[in-house]
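So the protein lines, in turn, are chains A and B.
Residues 1 to 144, numbered by our numbering, are exactly what the first sequence covers, in order.
Residues 145 to 578, numbered by our numbering, are exactly what the second sequence covers, in order.
The hints are simulated quantities; they were obtained by calculation from the structure and are not laboratory data.
Where a beta carbon is used, it is the ideal one built from N, C-alpha and C, also for glycine.
Treat each hint with caution, since some may be false.
With the Cβ distance kept under 10 angstroms, some of the chain B side facing chain A (calculated, not the full set) [to be verified]: (1) SER226; (2) ARG228; (3) ALA233; (4) PRO257; (5) ALA258; (6) ARG355; (7) GLY389; (8) GLN393; (9) ALA445; (10) PHE454; (11) ALA486; (12) ARG496; (13) ALA536; (14) GLU538.
Simulated coverage check for chain B against chain A, where a stretch passes if three residues somewhere in it have a Cβ under 8 angstroms from a Cβ of chain A [stated by the list, open to error]: (15) 235-246; (16) 427-439; (17) 499-508.
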Amino acid sequence: MAKGKKGKPAKKGKPAKKQGSNVAANFAGMAGSFISRDEIYHRLEWYFDHSHDPKGPHTIDPNTPIDAFFQNMDPSTGRKVLWVNINKISPTYVPAWKSALFHGVQFPWLSKKDVAIGLRDIQSFGNLIDSAVLTYEHFGWHVS
Amino acid sequence: MRFAVSTALAIVILAPTVGTAETLSAAKYDKNKDGILDENEALVWRLHVQDPVLAKYDLNLNGRLDPAELDRLRADSAASFSDRASSVANDVLFFKNRKIADIDKVASTRPPPAAPAEVKPPKGGCENQQRLFVRRDRLDTYQYREGTFITGFVPKSKAMGASASFTHDDLDRSNSATINGRVSYVIAQNDPMSPCFTGLPDDPYAKHDFRVPSLFGTTVALWTDAQGTINSPRTKNEKSALKGGFDAQAAIAGGPFFDLQYLIASPYAQTDFRGEARIYGVTAAWEPFAPNVRLGGTIGAPATKYLDWFWQLRAAADVKRVDVVGATALTRGDYAWTGAVARLHLTPFPDRSVYDPFGENLFPDLVGRFYADFTVNYYRDFSRGIEALLWAAEVGFNITPDGAASISVSYTDGLDKDTLIKQRQYLVALNYKL
Numbered sequence: 001m002a003k004g005k006k007g008k009p010a011k012k013g014k015p016a017k018k019q020g021s022n023v024a025a026n027f028a029g030m031a032g033s034f035i036s037r038d039e040i041y042h043r044l045e046w047y048f049d050h051s052h053d054p055k056g057p058h059t060i061d062p063n064t065p066i067d068a069f070f071q072n073m074d075p076s077t078g079r080k081v082l083w084v085n086i087n088k089i090s091p092t093y094v095p096a097w098k099s100a101l102f103h104g105v106q107f108p109w110l111s112k113k114d115v116a117i118g119l120r121d122i123q124s125f126g127n128l129i130d131s132a133v134l135t136y137e138h139f140g141w142h143v144s
Numbered sequence: 145m146r147f148a149v150s151t152a153l154a155i156v157i158l159a160p161t162v163g164t165a166e167t168l169s170a171a172k173y174d175k176n177k178d179g180i181l182d183e184n185e186a187l188v189w190r191l192h193v194q195d196p197v198l199a200k201y202d203l204n205l206n207g208r209l210d211p212a213e214l215d216r217l218r219a220d221s222a223a224s225f226s227d228r229a230s231s232v233a234n235d236v237l238f239f240k241n242r243k244i245a246d247i248d249k250v251a252s253t254r255p256p257p258a259a260p261a262e263v264k265p266p267k268g269g270c271e272n273q274q275r276l277f278v279r280r281d282r283l284d285t286y287q288y289r290e291g292t293f294i295t296g297f298v299p300k301s302k303a304m305g306a307s308a309s310f311t312h313d314d315l316d317r318s319n320s321a322t323i324n325g326r327v328s329y330v331i332a333q334n335d336p337m338s339p340c341f342t343g344l345p346d347d348p349y350a351k352h353d354f355r356v357p358s359l360f361g362t363t364v365a366l367w368t369d370a371q372g373t374i375n376s377p378r379t380k381n382e383k384s385a386l387k388g389g390f391d392a393q394a395a396i397a398g399g400p401f402f403d404l405q406y407l408i409a410s411p412y413a414q415t416d417f418r419g420e421a422r423i424y425g426v427t428a429a430w431e432p433f434a435p436n437v438r439l440g441g442t443i444g445a446p447a448t449k450y451l452d453w454f455w456q457l458r459a460a461a462d463v464k465r466v467d468v469v470g471a472t473a474l475t476r477g478d479y480a481w482t483g484a485v486a487r488l489h490l491t492p493f494p495d496r497s498v499y500d501p502f503g504e505n506l507f508p509d510l511v512g513r514f515y516a517d518f519t520v521n522y523y524r525d526f527s528r529g530i531e532a533l534l535w536a537a538e539v540g541f542n543i544t545p546d547g548a549a550s551i552s553v554s555y556t557d558g559l560d561k562d563t564l565i566k567q568r569q570y571l572v573a574l575n576y577k578l
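Sequences are here, hints too, so could you generate the full structure?
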């Protein structure tokens, strides 16, 4: 990745339908081992809300408490379920994105200073984005 | 941690007018050391209290930033720009290219930023982890997670405490005592929420196959549970249950079908408050979670903007032997109940504000106000060859937006396995919860 290459919003194309849909919507972002924080942000938004349009603006406030995404689960159970669910989906190919949703990177459960922000410790959606950025970087991706 | 530090630095540098507490000592502003602040010294002290940036860089205490002090401020600002920019990167992406009016509307009501919070070990180390729980019932123990070492996860204030009451009626010459409580003592625990958990590798990115079920936390606890009333003189409707036993609980993470499963086995002995009943049994329960099929709850946005739903399933087996009935509604003999309870929860006009705070709700006054539950309990007693089917439907309206107060209408029909009493009843209720 050339230095200074900025992350771009996902390319224009048809809007996504549902995960697993055969519709060839083109949410494909940066190819290879390069990804932008912007695209990670969109992918996480799409993970929580499949009606999210990656071509449009970001719609989930980074300050949103992570507990707000767990319907009917106590926060502890919600975190465990999120940890497993997002890691199971990570390598799953999503036609709408024309790629695995999180390219198979594995989100951590525990935190390690400057290396990992564990899902056990995140407090907000913004923390989850930061966790994902560190995770991508750990797995060799260049995040711009 | 880096996030927290850089955020703090950003606040200090970018928000110089933020008020500070009146804790800035006046001692160092007494330049002539006479023990008194003269007018000039008091002026500088107050300026520094008012402006933390000035307080930090005005090293000669003259109340203004001299060229050398400004140079240091510029150097610090340049050096920390990268970290500070990184700390607000998500906010920049969220707010960019938005209309000013929309930004002001959302920004004025958004929650404050939160840094990742690493769990704290119990005071005095893991040996001092909370083991004794005195609560209202099994649900209030929250799988025996201590509320103190993880701020905000399971606050103790949310649990209901045990209660005991005593009534003496002077006219009736009767006494009555009611007890509702459960005392538990954790013998062994490996809770992955606890900093004392030892079941995970140090490397947070250690390879983990999430499609294969794996043990993710266990707890063994002794408990005694008292629920009921005892009267003197004894009345016909006196009912009480005094149980003692232990819970063996395991969480299973991952697997091809479910993301999380709880398995709970609870052998117990039961009597009543008079010590007359003699009942022994064991309950085994299974609670699965699969948010992709909205089982056990969901992660993410409502199913549609008009209706949201999820369902719950708890399968259980309850095997018990009743030797002496005592003050219970049971009959003598063996019970072997196997079955499940399933509940469908419907929420018309769900709240979508989390997923688009800039958007408009179709029916803002109806968001989160209505709900409907449909519950089916089905158990079969194989030893007696009897079935217990109990179903209930409830619709409700939340009087307050947070659902703390609601009014509901419910209909229940069927046989309750715990009492073996046939039910067919309507209930209009005013509900309140804290």
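Quiz item: Is the hint on GLU538 (chain B) kept, meaning its closest Cβ partner in chain A is under 10 angstroms away?
Solution: 16 angstroms, violated
Exercise. Given that the region 499-508 of chain B was listed as covered by chain A, double-check it with a C-beta distance under 8 angstroms for 3 or more residues.
Key: The restraint on the region 499-508 of chain B holds, since 5 of its residues have a Cβ under 8 angstroms from chain A and three suffice.
Practice problem: Using 10 angstroms as the Cβ threshold, decide whether SER226 (chain B) counts as touching chain A. | Solution: 14 angstroms, violated
Quiz prompt | Assertion that chain A covers the region 235-246 of chain B - criterion: three or more residues, beta-carbon distance below 8 angstroms | solution = With 6 residues closer than 8 angstroms to chain A, the region 235-246 of chain B meets the three-residue bar; holds.
Exercise. With a cut-off of 10 angstroms on the beta carbons, see whether ALA536 (chain B) makes it to chain A.
Key: 18 angstroms, violated
Self-check item: Status of the hint placing ALA486 (chain B) at chain A (closest C-beta pair under 10 angstroms)
Solution: Where the cut-off is 10 angstroms and the nearest Cβ of chain A is about 14 angstroms from ALA486 (chain B), the hint is violated.
Quiz item: Once the shortest beta carbon distance from GLY389 (chain B) to chain A is found, is it less than 10 angstroms?
Solution: Not OK, violated: GLY389 (chain B) not within 10 angstroms of chain A, min 23 angstroms.
Quiz item: Does the nearest C-beta of chain A fall within a distance shorter than 10 angstroms of the C-beta of ARG496 (chain B)?
Solution: 8 angstroms, holds
Quiz prompt | Hint status (Cβ of ARG228 (chain B) to nearest Cβ of chain A, threshold 10 angstroms) | solution = 14 angstroms, violated
Quiz item: How about ALA233 (chain B): closest beta carbon in chain A under 10 angstroms, or not?
Solution: Check passed: Cβ of ALA233 (chain B) comes within 6 angstroms of chain A, closer than 10 angstroms.
Quiz item: Counting residues of the region 427-439 of chain B with a beta carbon closer than 8 angstroms to any beta carbon of chain A, are there 3 or more?
Solution: Answer holds; 3 residues pass the 8 angstroms Cβ test.
Quiz item: Can ALA445 (chain B) be said to touch chain A, with a Cβ gap under 10 angstroms?
Solution: Nearest chain A Cβ about 4 angstroms off; hint holds.
Checked against the numbered hints above, the structure breaks hints 1, 2, 7, 8, 11, 13, 14 and satisfies the rest.
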